[in-house]
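Chains as they are written, first to last, in the working numbering: chain A, 3 to 423; chain B, 3 to 423; chain C, 5 to 348; chain D, 5 to 348.
One or more hints might be untrue.
To be verified - Calculated pairs, DSSO-like style, for lysine-lysine (alpha carbon to alpha carbon, straight line, at most 27 Å):
no., chain 1, residue 1, chain 2, residue 2
1, A, K28, C, K58
2, D, K198, B, K115
3, A, K214, D, K58
To be verified - Partner residues aside, some chain D positions facing chain A, computed with beta carbon under 8 Å:
no., residue
4, G76
5, R113
6, Y114
7, S116
8, Y216
9, P219
10, M346
The set of hints was computed from the structure by calculation and includes no laboratory data.
This one's a predicted model, so the numbers in the text were calculated from it and none came from an experiment.
For glycine and all other residues, C-beta sits at the position ideal for the given N, C-alpha and C.
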Amino acid sequence: MDGHPRPEAMQDGDYAPLRLHVPEPKGRPGDAPDFSHIDFGEAGAVGRPALDVDAKGTDSYAEALIRVLDDEGRAHGEWADAVSAEEAKTALRAMIRTRAFDARMMRAQRQGKTSFYIQCLGEEAIAVGQAMALRQGDMHFPTYRQQGILFVNGVDPEAMMNQIYSNEKDPLQGKQLPVLYSFKDAGYYTISGNLGTQYPQAVGWAMASAIKGDTKVAAAWIGDGATAEGDWHTGMVFASVYKPPVILNVVNNQWAISSFQGIAGGMSATFARRALGYGIPALRVDGNDLLAVLAVSKFAAERTRRGLGPLAIEFLSYRGGAHSTSDDPSKYRPADEGEKWPLGDPIARLRQHLILEGYLSEEEAAEIEEAATTEMREAELRAEENGLVHDGQGASAKYMFEGVYETPPGRLREQRQEAGY
Amino acid sequence: MDGHPRPEAMQDGDYAPLRLHVPEPKGRPGDAPDFSHIDFGEAGAVGRPALDVDAKGTDSYAEALIRVLDDEGRAHGEWADAVSAEEAKTALRAMIRTRAFDARMMRAQRQGKTSFYIQCLGEEAIAVGQAMALRQGDMHFPTYRQQGILFVNGVDPEAMMNQIYSNEKDPLQGKQLPVLYSFKDAGYYTISGNLGTQYPQAVGWAMASAIKGDTKVAAAWIGDGATAEGDWHTGMVFASVYKPPVILNVVNNQWAISSFQGIAGGMSATFARRALGYGIPALRVDGNDLLAVLAVSKFAAERTRRGLGPLAIEFLSYRGGAHSTSDDPSKYRPADEGEKWPLGDPIARLRQHLILEGYLSEEEAAEIEEAATTEMREAELRAEENGLVHDGQGASAKYMFEGVYETPPGRLREQRQEAGY
Amino acid sequence: MSQTKSNTRAANMIEAIRDGHDVAMERDENVVVFGEDVGYFGGVFRCTHGLQEKYGTSRVFDAPITESGIVGAAIGMAAYGLKPCVEIQFADYIFPAYDQITQEAARIRYRSNGEFTCPLVIRTPTGGGIFGGQTHSQSPEAIFTHVSGLKTVIPSTPYDAKGMLIAAIEDPDPVIFLEPKRLYNGPFDGQHDKPLVPWSKHEDGKIPEGHYTVPLGKAETRRAGSEVTILAYGTMVYVAETAAEQAGVDAEIIDLRSLIPLDLEAIEESVKKTGRCVVVHEATLTGGFGGELAALIQERCFYHLEAPVKRVAGWDTPYPHAQEWAYLPGPDRVGRALKEVMTG
Amino acid sequence: MSQTKSNTRAANMIEAIRDGHDVAMERDENVVVFGEDVGYFGGVFRCTHGLQEKYGTSRVFDAPITESGIVGAAIGMAAYGLKPCVEIQFADYIFPAYDQITQEAARIRYRSNGEFTCPLVIRTPTGGGIFGGQTHSQSPEAIFTHVSGLKTVIPSTPYDAKGMLIAAIEDPDPVIFLEPKRLYNGPFDGQHDKPLVPWSKHEDGKIPEGHYTVPLGKAETRRAGSEVTILAYGTMVYVAETAAEQAGVDAEIIDLRSLIPLDLEAIEESVKKTGRCVVVHEATLTGGFGGELAALIQERCFYHLEAPVKRVAGWDTPYPHAQEWAYLPGPDRVGRALKEVMTG
Ligand SMILES: Cc1ncc(C[n+]2csc(CCOP(=O)(O)OP(=O)(O)O)c2C)c(N)n1
Ligand SMILES: Cc1ncc(C[n+]2csc(CCOP(=O)(O)OP(=O)(O)O)c2C)c(N)n1
Ligand SMILES: [Mg+2]
Ligand SMILES: [Mg+2]
């Protein structure tokens with residue numbers, strides 16, 4: 003043996019014993035909500051970078067929140083005039099419909115009409131705002147919490163409910179868990195139950211757009227928790243290398259089932275900042291402010307469609323409800339944390355703004371809400387008539403054998419026969 | 003159908019057709035080497051941050067190179083006095099022995115004594131420098147290009163050669179591909195042939211040190227190319243969350259077999275910068291400057307062992323030889339790129355420095371080289387006597403059935419019998 | 005049951021698993037537990053509930069949502085000398101960790117020639133029957149049983165769950181510990197339109213207090229019989245029991261419990277006696293573990309077989325949502341197979 | 005061979021694969037090719053050499069070292085309408101992509117009920133015999149054949165390699181395309197101490213010019229025989245040929261070529277004729293595809309079998325380095341198995 007005389011392992015006391023650092027949220031059940039660690043800044047304070055800004059140019063943007071609406075409902079700053087009153091009203095309507103749909107389905111779940119549902123309470127502005135900034139032919143690669151896209155892009159709520167009820171009219175013929183929709187014509191990619199997998203897929207889709215010399219844009223979506231998956235990184239690496247037209251969204255609603263964003267690394271740096279390390283510029287946005295969301299999304303769409311490279315966006319929000327109908331958040335976070343979220347409710351804020359500015363009357367607003375409730379109630383009545391899988395009226399068993407391949411191989415045909423379909 | 007009237011997909015010409023961006027290296031075979039895109043800075047220009055510096059505090063460090071030795075062999079700046087003359091001489095000797103070993107094994111491969119070898123030509127300072135900064139009980143999670151660690155930590159070259167020759171004296175009993183060593187007592191974790199997997203493992207090992215209240219430090223190692231793997235990210239996320247005592251090294255030798263660092267995202271941002279997005283401070287170091295490597299590694303060891311959290315280090319270097327003996331780099335990069343690498347050869351630079359400062363004479367230096375050559379020649383003669391797998395003198399087939407589990411299950415015992423061992 | 009049941013208490017499978025953790029952690033301070041939602045909250049199925057409070061955040065903690073990271077970190081901890089027991093929230097999410105499990109955990113001992121080892125338990129809820137669709141229902145055992153260096157086990161009672169979990173944690177090698185989630189609350193027999201008997205009302209719903217182990221590698225004969233051998237594991241054990249009863253066949257029902265190592269002796273002995281065999285599993289037929297079982301049986305019991313070994317399994321399709329009861333093998337399908345081999 | 009060989013030229017398997025790419029890319033501009041080192045350099049085995057120069061960097065390019073990213077991006081491209089054909093440098097490195105392959109590529113059509121599809125080819129060199137140790141030698145076919153929605157194929161001649169690659173690229177569903185790397189340069193029969201016959205000297209070393217396909221799902225009878233059926237694929241086809249010759253057994257040797265879909269008709273017909281069967285593969289025995297084959301054969305040919313179906317396979321250990329020739333099934337082991345089933 004030969005070599006450098008290595009120092010022996012030293013005595014205890016030489017260095018203090020190490021301890022594992024396990025991040026804890028500010029509040030647990032029974033505690034008062036505490037958001038004092040977050041610097042929200044002021045509406046209007048953060049301006050617009052150049053369309054071709056690079057990662058270093060967004061250093062401060064990766065921290066400070068882009069906000070347009072203040073607490074009173076006034077719009078401020080450079081991003082304020084990116085959204086017309088007409089657009090804002092369209093958005094309000096889509097957000098209200100999204101919430102009405104969610105409410106109806108939460109009720110349906112309680113009534114045993116479906117075993118499972120996921121709402122997006124408090125996050126409606128994010129999906130709705132970005133969907134409005136994209137155009138036909140573009141493609142979202144959503145998670146289960148971007149149903150707002152569907153209400154922007156003209157999908158019939160009854161079709162969604164048929165999917166949830168897994169009945170004969172379900173566009174997916176009963177194959178998928180409720181809410182794991184696929185609506186290609188609405189620019190809505192088939193949702194996976196496996197977190198994160200859609201991130202590199204979105205980047206690949208955008209690469210295809212560039213390879214074909216098209217001008218279509220992809221929107222990748224992921225939650226704060228799921229950014230820990232390897233797939234988030236591989237998507238970012240591909241985006242960093244080939245610079246395809248993709249918007250790399252992270253919806254930071256601060257919770258991943260029972261674990262808070264610190265368990266995903268969110269207390270060590272913002273998720274927006276993580277993109278900078280790939281040389282991808284990043285903006286951080288108040289996700290409960292439709293005007294900010296839509297303005298920034300337009301910027302992102304324009305940048306990527308112009309071939310100026312990918313852009314990352316972190317939407318800061320708060321998961322207003324339980325993770326899903328299988329979850330009970332009162333077991334792990336203060337019950338009133340959502341109500342105390344300083345950035346408020348996205349629908350209430352936009353409504354207040356439109357009324358304040360005189361673009362909308364209280365009556366019109368009430369009408370929109372009323373109409374949405376009616377629409378969803380009626381859609382649900384129709385969907386229910388098509389059957390509920392839990393009443394034994396699910397999509398036929400024969401569909402199970404279809405669509406595994408374009409042409410079923412012999413053994414699958416045999417099995418189908420054996421099964422009697 | 004109902005919803006926001008989405009703009010139709012627009013006409014060609016509305017936006018210019020997109021194009022896929024595929025990064026290309028500055029030079030290909032036949033071109034003149036060109037490193038003008040890299041800013042090397044000046045020796046001594048980058049100082050020492052505080053031991054408990056946070057990620058933001060290392061913003062500029064993630065870009066500018068920490069260098070100590072200048073082109074003439076003089077040491078400069080705040081990092082210069084971290085390494086004693088004695089240590090520098092020890093390092094020189096380990097580096098020279100590393101290179102002598104490599105040379106001997108490259109020759110052995112040409113002679114057909116082994117089918118495979120990987121040298122670390124030009125990167126010797128990195129592994130040697132960091133190994134000297136750690137102490138007994140710490141653990142490296144190396145790739146196949148950190149054999150320098152073994153020459154610091156007292157491993158017998160003959161044992162390494164027996165592994166390469168896969169003979170009866172091979173400590174791994176012929177189970178592993180040449181160079182995928184395991185030397186636990188030397189703080190050298192079993193190397194995987196699968197890139198990147200050791201990164202989260204290193205972090206987990208460091209977490210265990212913290213869980214047990216020990217003071218041991220882990221060193222994670224990865225190449226520029228392999229940082230694209232999901233495992234690199236999952237390791238970083240765990241490090242970001244639990245802040246265990248781990249040094250997160252990236253050896254950027256600018257090539258990954260035939261693909262240059264741009265294909266790993268290296269043209270979009272430095273690899274050091276990528277760590278900042280996880281809230282992990284990062285330093286960037288001239289990997290061909292032993293004094294810089296060892297000084298920074300000492301800093302890293304001290305910081306992590308004090309419980310101040312992980313530190314990332316990017317070592318900038320150049321892969322001096324072929325990827326492995328199966329590779330021919332003249333097919334994809336300028337033949338003389340390595341010679342023109344502005345940061346030079348780490349052994350020549352350290353040698354020059356020690357002679358310049360009068361710590362070493364030309365004769366002593368020649369003696370060290372001579373001794374290393376002799377040592378490796380003699381070790382190889384001994385190893386060869388133990389047999390070469392390619393001469394049919396590999397480790398016995400019976401070992402194949404051992405070590406699958408602590409206790410072999412019945413069917414494996416049956417198979418061993420069937421095979422006749 | 006291989007042990008006496010003195011000092012037993014009623015427990016469902018979740019409580020049994022929680023208790024298994026508790027006993028193992030109490031005895032060995034090197035046992036650490038982590039995974040998504042397993043810390044403060046105690047796991048989405050509550051299998052680690054209360055452990056963080058008892059053992060602290062250094063030994064029981066939430067992990068980031070990266071299954072490869074969880075397993076990768078656990079491998080490093082095991083190399084250090086700890087005994088990590090990690091949870092993958094659903095077996096459907098184990099695939100991102102497939103590389104770390106099969107190329108690393110399974111190979112550490114071998115490739116280092118014993119210098120490093122990997123005593124690691126990966127617990128994960130498996131199987132269908134909960135209307136979970138493709139991503140909450142799959143049974144991936146066959147992609148692990150093909151990997152040398154791994155053990156793959158699957159208990160079907162609270163007693164076995166606790167005893168096998170302790171045995172797995174004490175095992176010196178990596179163990180894939182599959183928990184048939186449809187059995188957490190009671191012995192589901194595939195009759196989805198009948199009310200579930202809770203474990204508290206079932207004879208197997210009792211666990212001894214404190215430490216005991218159920219050895220990995222031993223099958224359990226659930227019912228002795230003479231006409232046909234049924235090999236099953238997980239939920240299919242109860243499906244097989246009901247099917248045999250309904251079909252009126254005197255079946256010997258073997259709960260394999262441990263797929264690797266496999267209790268070949270018990271299998272051979274039974275099939276040589278009955279001369280007939282039906283293998284039942286939830287996973288997709290083609291390439292499933294049933295193929296290995298059928299292959300082994302015809303190799304070893306060829307001259308005793310009166311009929312071909314028959315496999316009843318999930319169809320060769322992804323796991324569907326609405327068609328769950330047409331997909332998951334139930335007593336009817338198993339009964340038909342029993343009749344077929346009896347006349348075959 | 006299923007097609008005439010007019011206008012043929014000599015080619016080894018690498019050249020055949022390169023040519024298959026070329027033909028497919030020429031005919032369909034939606035075909036794109038990428039992977040680690042496949043662009044400028046043309047792949048570490050040179051299977052994509054010259055393609056970037058011919059088709060440009062938008063259609064042939066180097067990829068970052070992330071197998072899950074490569075497959076994930078390819079899935080997105082396929083959803084867009086492209087036909088990606090990606091290379092995983094060694095089958096031993098396909099595991100990080102296992103989630104994207106099995107839970108995504110294989111499931112896109114099903115879960116979207118046909119709205120999105122995934123016409124994707126994943127090429128990867130498989131198998132041993134090159135002294136590559138654990139991480140350059142494995143044969144992971146069985147972890148794909150268990151996954152509904154995937155096709156898994158493995159050619160064993162230059163002719164099949166080109167024709168099947170074109171068929172795979174034109175296929176509307178994801179195909180795992182395994183290339184027995186030990187056959188790239190010649191038909192290796194396991195006799196490692198004898199010189200290798202290069203393809204240029206072998207009758208199968210010829211490929212037609214231009215476009216042709218070898219359909220996926222059809223086996224190829226390499227040798228007609230009456231005494232025993234040998235099922236093999238990849239390198240084991242040549243091992244089987246030599247073994248049968250050396251053992252002096254009149255074996256019918258079937259090269260499966262396509263594991264999923266499987267040519268069950270050809271298998272059944274042959275085994276019913278010979279009454280005996282030996283299955284040979286390189287992968288670890290337990291849980292290997294041989295189990296599925298043996299299970300199927302005893303199910304379908306039970307009353308024709310004179311002896312149990314015998315499997316010859318890699319041992320249940322990781323793939324070793326020094327012990328390669330004791331691990332990889334060679335003519336001796338296959339010959340012993342042939343004798344055993346003949347007397348069995
Ligand atoms: C690969 C994988 N691992 C785990 C899960 C289980 N799971 C479903 S949702 C969820 C939390 C996700 O949190 P986040 O990404 O923040 O999204 P959010 O629910 O907050 O919208 C988990 C762990 C999964 N679906 N897929
Ligand atoms: C998972 C995996 N994918 C691919 C390979 C094949 N491979 C071996 S080394 C290498 C290049 C690695 O480059 P880098 O990480 O930069 O390290 P370097 O060789 O430059 O030290 C590749 C692609 C592998 N070993 N493992
Ligand atoms: Mg979240
Ligand atoms: Mg490199």
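For each hint, the structure was consulted:
1. K28/A - K58/C: With Cα atoms ~21 Å apart, K28/A and K58/C stay inside 27 Å; holds.
2. K198/D - K115/B: 19 Å, holds
3. K214/A - K58/D: Between K214/A and K58/D the Cα gap is close to 17 Å, so the pair holds against 27 Å.
4. G76: 3 Å, holds
5. R113: 6 Å, holds
6. Y114: 5 Å, holds
7. S116: 4 Å, holds
8. Y216: 20 Å, violated
9. P219: 11 Å, violated
10. M346: It is violated, given that the least Cβ distance between M346/D and chain A is near 30 Å, above 8 Å.
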